[in-house]
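Line by line, the protein sequences give chains A and B.
Each residue of the first sequence is one higher than the one before, starting from 484 at the first, in the numbering used here.
Each residue of the second sequence is one higher than the one before, starting from 484 at the first, in the numbering used here.
These aren't lab readings, by the way, just hints derived from the structure by calculation.
Incorrect hints may have been included.
Claimed, not checked - Under the rule of at most 30 Å between Cα atoms (straight-line distance), these lysine-lysine pairs were calculated in the DSBU-like manner:
id, chain 1, residue 1, chain 2, residue 2
1, A, K580, A, K565
2, B, K565, A, K793
3, B, K658, B, K723
4, A, K723, A, K658
5, B, K658, B, K565
6, A, K565, B, K793
There are 2 protein chains.
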Amino acid sequence: MRQEQIEPSINSISGGINYPGVAREPDGESASEPFGERRRTLGNAVFAAEKMLVTRMLQTIGNPPVQIVLWNRQVISNHNGKAVARVLIRDHGALLKLVSDPELYFGELYSAQRIEVQGNLLEFLETAYRVWPQHRQGNSGKKLSAPFYDAQRNTLSGARRNVQHHYDIGNDFYKLWLDERMLYTCAYFPSSNASLEDAQLAKLDHICRKLYLRPGEKVVEAGCGWGALALHMAKHYGAKVTAYNLSSEQIAYARQRARAEGLDGQVEFIEDDYRNVRGEFDAFVSVGMLEHVGTDHYQELGAVIDRSLKDSGRGLIHSIGLNYPRPMDAWTERHIFPGASPPSLAQMMQIFEPFDFSVLDVENLRLHYAKTLEHWLQRYENNVDRVTEMFDLEFARAWRLYLSGSLTAFKMGGMQLFQVSFARPGHNQIPWTRQYLYEPQHNPLGEYDGNL
Amino acid sequence: MRQEQIEPSINSISGGINYPGVAREPDGESASEPFGERRRTLGNAVFAAEKMLVTRMLQTIGNPPVQIVLWNRQVISNHNGKAVARVLIRDHGALLKLVSDPELYFGELYSAQRIEVQGNLLEFLETAYRVWPQHRQGNSGKKLSAPFYDAQRNTLSGARRNVQHHYDIGNDFYKLWLDERMLYTCAYFPSSNASLEDAQLAKLDHICRKLYLRPGEKVVEAGCGWGALALHMAKHYGAKVTAYNLSSEQIAYARQRARAEGLDGQVEFIEDDYRNVRGEFDAFVSVGMLEHVGTDHYQELGAVIDRSLKDSGRGLIHSIGLNYPRPMDAWTERHIFPGASPPSLAQMMQIFEPFDFSVLDVENLRLHYAKTLEHWLQRYENNVDRVTEMFDLEFARAWRLYLSGSLTAFKMGGMQLFQVSFARPGHNQIPWTRQYLYEPQHNPLGEYDGNL
């Protein structure tokens, strides 16, 4: 950002601003009066210092076209009148924090109302996402190395702490904005205008059919959430399910649902770590747990799958993923999902390759997650007052930002959703093509007799 | 293999043997006469040494249940009467070579008729495959590192030499056993009893539809074989295709076909390396070339794709693959496919991850390749006399073994066939689900308007 580009826009954009906590709107200034009354009052030195800080901060994040309004009603803009949003910075300390680490502190300051975004938050996030330098790094073609920043974090005790931070917030909170089955993972929309309820149901079937589950088969689920998939496999596919989860709240809810549906003889919910899975199974499934495993533990997970699966065994892992290895953004990692780190596909292969598993199918459902988040965000906004009552405004704003930022990342291609199906290498009882997934009544193994 | 297990079977299995070059069948020996006339004649010391060599060789390859018959009509077996085949070793030098490196020399000696396999060659290979220690290594759960044994091999000049070794054998040779379109890559069988011709046609459509090609779009193909896919994209999808190949014989054939079909204005065949691709395209496609690129050159290939694709660009790479990184077997690498090395999926990601490409879809067509090879092998055997006339018996036997061994590896799960579809990260004009691939008349982008 060059000085001469800033000067005119500072003056041309300043105008009527309305936000809480600032009683009087700043006076309009004409473009012909580049340094008006206010600047003279504040003093050149202070104004220059603040402007420099804002300029540096905007440079760090790739110069999104925004208008910055400071606590003292100074207005700084970097794009001649085409700002996508106004960002109000409400105190000097907030500006200093933002300059030092915008990725970490934007979220904290937004949650604490020390930063306000006027305009469409999603549009603002999309614009910021588009110019953010880190998101452009992938195209450099540099050798990328997997960051193992989360080593030691997801030990047995660490994983329990991390999971409880997020999932034990309270079932009542999640009920406000999830679907009726309480599925807190990417849905599968057979068409883009399907309802969230239908799309979550379709997701359960999509997974069961990818596993070509047969009645009486034994399935182990690692990270079962509130139990919807486990119950669905038991009820509609006749499977005997053993499901693991570290969240006490979720396990209690799942057990109660199993009893209510009379499925408690067919589904066992175990409050324990995936590393303690015991027994031999026909299928392994894990939906939305891998994000919390940590890349350093993938081979350990592979070993658990390897010792749990029969020779005819197959499995599916559904996880948020990345196009290339990088750490999760600092704010989300600290405040929303401690210990989480979505993998690249190459990193995911550390689960399968050491154990000679064959990857049969990978489906990227990125836009389905963006659509899922649209539904969640809308329901969340409809209930944001209730969230504020249950917790406080800071929590409510943090989760709004988290849902909005996630939607943006999936929509803009910064995050992926991988469903990876796999089987033992010599196992030939696999569907001949994937066509059966799209033909509701077809038996996938009907045509194939086990020999070529 | 313990001594006491061998002793009885040596005697119990020796019996009627019939193979060329040995005039007289060995005399039968009864189990009650453990060391008969022949052994006494040959002398204990010589027999013991040969038995030790055979024993060691069988141990090295995991003790497949075979009967070994030596040039001197000695019979050695390691499984009580349940041999899957008789392997005749016709001279002392052959035995020594086999002991020193069975993976490399079995093929050489088989081709040279110094080893003969009596019984079903495919059954023998399957059995040998099943017990081969290297094929069991994947289950050890050890940290695997990618072998970069092929560095420096696929330089610009090296790649040309390697490709010409295999693909310039002569179009007449390949015509004897490929389909009418001359497709020398895995077919896609919509049902397992489809004909090879239908399955190769279905493969071409499957690829074009995965790329959701639209009329007038520009496609670059890296490694175009005899041009069938390039011509198909032009003729049936209205694409403008630029296709690269290093094989002079294939390029000449492809150009002639383009002229014959009146497509030479729409398809350009260029005899050059993929690294010399120039221009900007809507789609990148490569079918059966990656096996020859060498893992050390994947990032270079990624850079070529990155500079060739528009922002709305997408691509597909179809390649033989592995469940975990390992070198190709020594004989195939030396005699059939110099410079070739199929990648694991993690290795393939070295193409995509440094350039922030999104992997949209991976389909493993392993059993389709086994089926393809069944067809090829059958046609090959029908024409093996013609192959022997065109070349010699050694060549004909080498290619029988290569086709049979490949069929075995795909059937047993030792090799995979990955079709990987990818696109730029922010590109949202992608089909909403994969259902359209299984509905011939459906426009994949019809439902989706580019916004969520």
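To see whether the hints hold, each was checked on the structure:
1. A:K580 with A:K565: At roughly 26 Å apart (the allowed maximum being 30 Å), K565 of chain A and K580 of chain A satisfy the hint.
2. B:K565 with A:K793: holds, 27 Å
3. B:K658 with B:K723: Given that 30 Å is the threshold and the Cα spacing comes to 27 Å, the pair holds.
4. A:K723 with A:K658: holds, 27 Å
5. B:K658 with B:K565: violated, 39 Å
6. A:K565 with B:K793: holds, 27 Å
Taken one by one, the earlier hints fail for this structure only at number 5.
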